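Given the coordinates of chain A, assemble chains B, C and D onto it according to the supplied hints.
As a plain string of letters, each chain reads:
There are 4 protein chains.
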Amino acid sequence: MAGSSYGTIFKITTWGESHGAGLGVVIDGCPAGLSLTEEDIQIYLNRRKPGQSRFATPRKEDDAVEILSGVFEGKTTGTPISLLVRNKNQKSADYSEIASYYRPGHADYGFDMKYGFRDYRGGGRSSGRETIGRVAAGAIAAKLLGELGIHFLTYTQSIGDISVDPSRFDPDEISKNTLYMPDANAADKAQEYLDQCLENKNSSGGTIECIVTGLPAGIGDPVFEKLDANLAKAMFSIGAVKGFEIGDGFAAAKATGLANNDAFSIDSNGQIVKKTNHSGGTLGGISDGSPLLMRVAVKPTPSIAAPQQTVNKSMEEIDISIKGRHDPIIAPRAVVVVEAMAALTIVDLLFTNMTARLDSVKEFYKPSRS
Amino acid sequence: MAGSSYGTIFKITTWGESHGAGLGVVIDGCPAGLSLTEEDIQIYLNRRKPGQSRFATPRKEDDAVEILSGVFEGKTTGTPISLLVRNKNQKSADYSEIASYYRPGHADYGFDMKYGFRDYRGGGRSSGRETIGRVAAGAIAAKLLGELGIHFLTYTQSIGDISVDPSRFDPDEISKNTLYMPDANAADKAQEYLDQCLENKNSSGGTIECIVTGLPAGIGDPVFEKLDANLAKAMFSIGAVKGFEIGDGFAAAKATGLANNDAFSIDSNGQIVKKTNHSGGTLGGISDGSPLLMRVAVKPTPSIAAPQQTVNKSMEEIDISIKGRHDPIIAPRAVVVVEAMAALTIVDLLFTNMTARLDSVKEFYKPSRS
Amino acid sequence: MAGSSYGTIFKITTWGESHGAGLGVVIDGCPAGLSLTEEDIQIYLNRRKPGQSRFATPRKEDDAVEILSGVFEGKTTGTPISLLVRNKNQKSADYSEIASYYRPGHADYGFDMKYGFRDYRGGGRSSGRETIGRVAAGAIAAKLLGELGIHFLTYTQSIGDISVDPSRFDPDEISKNTLYMPDANAADKAQEYLDQCLENKNSSGGTIECIVTGLPAGIGDPVFEKLDANLAKAMFSIGAVKGFEIGDGFAAAKATGLANNDAFSIDSNGQIVKKTNHSGGTLGGISDGSPLLMRVAVKPTPSIAAPQQTVNKSMEEIDISIKGRHDPIIAPRAVVVVEAMAALTIVDLLFTNMTARLDSVKEFYKPSRS
Amino acid sequence: MAGSSYGTIFKITTWGESHGAGLGVVIDGCPAGLSLTEEDIQIYLNRRKPGQSRFATPRKEDDAVEILSGVFEGKTTGTPISLLVRNKNQKSADYSEIASYYRPGHADYGFDMKYGFRDYRGGGRSSGRETIGRVAAGAIAAKLLGELGIHFLTYTQSIGDISVDPSRFDPDEISKNTLYMPDANAADKAQEYLDQCLENKNSSGGTIECIVTGLPAGIGDPVFEKLDANLAKAMFSIGAVKGFEIGDGFAAAKATGLANNDAFSIDSNGQIVKKTNHSGGTLGGISDGSPLLMRVAVKPTPSIAAPQQTVNKSMEEIDISIKGRHDPIIAPRAVVVVEAMAALTIVDLLFTNMTARLDSVKEFYKPSRS
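Protein chains in written order, with my numbering: chain A, 1 to 370; chain B, 1 to 370; chain C, 1 to 370; chain D, 1 to 370.
Treat the hints with care, as some may be off.
Identical copies go unnamed one by one, so any copy, or any two together, can satisfy a pair.
[Claimed, not checked] In silico DSBU-like pairs for lysine-lysine, Cα to Cα no more than 35 Å straight-line:
#, residue 1, residue 2
1, Lys275, Lys143
2, Lys366, Lys313
3, Lys176, Lys362
4, Lys366, Lys143
5, Lys275, Lys366
6, Lys176, Lys75
7, Lys75, Lys366
8, Lys275, Lys176
9, Lys143, Lys362
10, Lys275, Lys75
11, Lys201, Lys275
Just so you know, these hints were derived from the structure itself, not from any lab.
Since the structure is predicted, the reported quantities are computational estimates derived from the model, not experimental observations.
Okay, chain A solo, but in the shape it has when bound:
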């Protein structure tokens, strides 16, 4: 099926393999009139770029984005925005060995069963580089949401057993450490743990949290197009994600109703607010005016140097050891991908939710408009 598109009204289509000519995305449905430069997108892309820390892959990448269409005199025109990032230093020869067997924890086997063969170079379409397209599109979605007063805070919440200490939580710290943790102390401990993983030819999982503020109440649809259902799909569309929670998540399954319900009250501005936020900002699939709070579990990097057992295409059991230098953890590099997917999801829901009330539609199309 056509699985590389996302969204209904604000729709993106990503393309590109790790070792092809390049990667990119077409954003169709961005409103006219948004100021947009390549710099706006590059800043976002750089957050997923390796090379900033010893824990990211040392392969030199220079993912310079080019806007090919949809922007005129510095503003979006309402027509499709095509973004291109050319691949560089593609050493396909390095991957010839991988062609012959199925790496544990990777999609190699599924690809061969599905398509009959695969572009085995660097993971092809299942490479982490595939996220370039969605992150570039996410930069535009996030900028657009900023114009509507909706903002994101996304960070690594835990690495292995090391979690952010709520009492030390400091948003300013996120961009100061290479692990994107909002707690310098936890980041230090996590780095030690990751050093040890690397030494053991091993890798670690982690979790990511994303907080969205400014989303009005009433967004999301009651049945299949719930706000949280769309976010769940968005997050599970990221390669290594194995779990998703909104609000209290799995803890709610152990809680009682009295503990889990959030009381409504009136704040000092006379606005309805919830006194707690166990719901994570959504009730019955519709935003409730509180900040959205979601959490994602990311599995450990499957490419590890330690010896592993697998099967080759000649149907022989073999022992392998993945060569090349790989990140000992995926989570920190996926932080910006989580944010991008959240932004893409929320823009599209805001756009598909504008017709909920007849009076709003009548106001929108009132004769004086044209």
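Frame of chain A; chains B, C and D shown alone:
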């Protein structure tokens, strides 16, 4: 937006409120030639029917399904199948009080913000009765999958702190206790706990597991239409779900790569298999031939008899206590809903995944066919 | 494929066969707050009901519509509206002969090739009765558009060689004759011609025109989702349609640019207008502020009493003569179907076109709204 | 809305403006295993390239296509195919005047009403160059259909009043004259007429026919997703199209049932065939095994050198005369666009129609496959 449809090729549209004339679903895209009777659907619907246990709501419901179209001489015709369940004993008067305030843990506030008003009777479209449509459609999807050798095992995995003991796991037990737990001992303890919840005018959360066997490798698409991404959305489209995991889920975030990777090997039939199933049957969004294993967190019933604080439509803070008898737990009644959504998702993915290879398409449309 | 749904945001799904339990439609995505009664829909449905003239089939039908969901206290709630029309006097026995052969001009052969078999009673899903669902939904779309100042004028433009005389065009005449022609004189001649067709055991084709006023300029999208492209699909989704034109249509293919271009000018209200309307209200797929003008060619009724040659399922060539009394013309009964499909198409385009400009989106979601 | 995507399973997204960095398309959902080179696409693109005749615009264009992704070792991989054509010699200065007023017959006014402003250079997204993306994608669709035995014959049927003479119809002639007419004599006359149009600073409309052979019976869905409904949308998505017919088209509206019905018979191979093809290969929206025959009306080039009246953005009525050299006719260059859109439509319908029968699905997924 139009949020009551689900699926691309095997597409369903549900409709109906708790206290309207009835509820139903239209299934569009079911292949011609499937034997189908109202009994096939009724059996499935009965699994969500209350009244079987003291823990389910005592309201007498008689959800008899009628097939209105799409079946001719006992077989589906390929045209839309319309199913209708009439509502009975609708006592709207009971709900007049609810109209004036926002119940904690419910979608009331979101509905009013979204639509300007709501059908407040029995939760309207956010009622648990909304699931009648999807469960009825799920019965058809599950029957169709059975023809392809794909089967489901779905059960309550935990209630509050009480979990199924793996050493006592017995699938035959699931239908023997009213909590749908595959462990008689755990079911007994859970019933005691729920009795206590009721006495305390409180409620409990729980988790559900679903295991799918027989799914071939190669199903799901690499990027946005991943198998697990679609399942995540499916599960989060169920009202009270707050968390979703596939395979090891959040435990993978604490694991190492060496522990989390599943080695490939050759089984005694000469087939490629995985020696473990930490992945839960999907790698890179594509089925890997192992059983699918997913887990869902269900929050406690928000309607509780204990006093709570909230706000009414006159913008006053008030104290309320929800009247009527409500289930002290949602999870067991949601077991069949989880299975229905899994079945609907998998049928649609099988259908949209038939064009992955040119040689398969050529074989399908080879001249001799017509 | 799931071919019984139409629309993206204002989405309908029709179901039902000619001789099943009934027919209906689910409208998902209708905004909350529209006043709606069964009478609103019945009036529209009655325009397709036979029995009003000797040229329509004498079978007694009583297509009373029931609203099953989505309306509360006289207003739409924003949730799916389910409409049901029960079938009456279903004499399936009449159709047993049809089961064995392929009627010329009908979809029987295609159905068997596609599905392997068919519900042969009364044309099954290909019956003219299928339009009940879309006409019922169209009634709601048209009512909604009326609230936005958008109105329709739809009529039979020609029957065989007899066309409406522009100099005698009188909109009030449309509902006065059973052929829905806006020219009493043409209607009289057409009736004579149809009498003659019936006598000859034959039937006639015709054309329908639809004029839409009040549509603002700027609706429709530049590439694949053009206004006229969507209308073309809408019209060709009606069973017997074989041609579609917008504006001058095929005459434009013989014209010169100078004759075909419409000059822009300023009207007495200071508004931009076109001095002519060869374009039919759309340029480059986007509405240009002039009335939309479209024209549809409807083929003759294929069920005729005259002897015809065909093939039966035993692969024998046979001579048949279709029994029962059939309309000698389809076009007049399709007038309301054309209007319904135009209304459904335009509502959905208005809804999907609300995000063309960032400033409009910002105005819509400005903080004061919530 | 996101209007630049087309298709459900075989889905394309086009992007690019006349005077931006380039134009292109992403094809998502092409099966793995199709041999594909840039040459395959270039041949198709060259059919829309001007410069081959004195009637096409003399601007030198060199639309060399680059495959950026989705092809590995000469075969499609099943992942998105991204195609890029860079724009050359973009003289935006030429278009500064156009920025200030609305050209008659163009989408300028609609664009401004819709988006608030427009990329006025060379028509921006409404330029004929937009078709580069769809023609490139169409080349792939057509190649894929060739593998299934489905072939196209597309040509200019008439220019102004000059039509192809059926008795002189010669398919080999199509590529021999620059007007793509299958009748050398008609082509000569048409060239004289177009010379005269140019001399008069005027332009001409024309019609295009497309014949599709090899399509099996049973393709297309009964209600909204009819084969002809999809083709109608496809054709009307081409900029200058004002009319569409299938089979006898508007002539059917003047015909009788007896004349219009096609009798079924058995051919010498024992296959069911129709003795005539008034239906144009589709009955009730489903292919009937006969060749598909469709016809499209293309309006005259709106950019003409003759003086015209219009309005500028200062709301003044002005007289203009479009500068630059423009084709005196659009139809011949649109021939390949018609073929591309037909191919894209048919591929997607073949793909979405594979689940019509349960037995076919069971055969496809029979255990031996994996």
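For each hint, the structure was consulted:
| no. | hint | verdict |
| --- | --- | --- |
| 1 | Lys275 to Lys143 | within (30 Å within a copy, 42 Å between copies) |
| 2 | Lys366 to Lys313 | between (65 Å within a copy, 22 Å between copies) |
| 3 | Lys176 to Lys362 | between (49 Å within a copy, 33 Å between copies) |
| 4 | Lys366 to Lys143 | both (29 Å within a copy, 16 Å between copies) |
| 5 | Lys275 to Lys366 | between (39 Å within a copy, 25 Å between copies) |
| 6 | Lys176 to Lys75 | within (32 Å within a copy, 45 Å between copies) |
| 7 | Lys75 to Lys366 | both (26 Å within a copy, 21 Å between copies) |
| 8 | Lys275 to Lys176 | within (32 Å within a copy, 41 Å between copies) |
| 9 | Lys143 to Lys362 | both (28 Å within a copy, 13 Å between copies) |
| 10 | Lys275 to Lys75 | between (41 Å within a copy, 33 Å between copies) |
| 11 | Lys201 to Lys275 | between (47 Å within a copy, 21 Å between copies) |
Comparing the model with each earlier hint shows no violations; every hint is respected.
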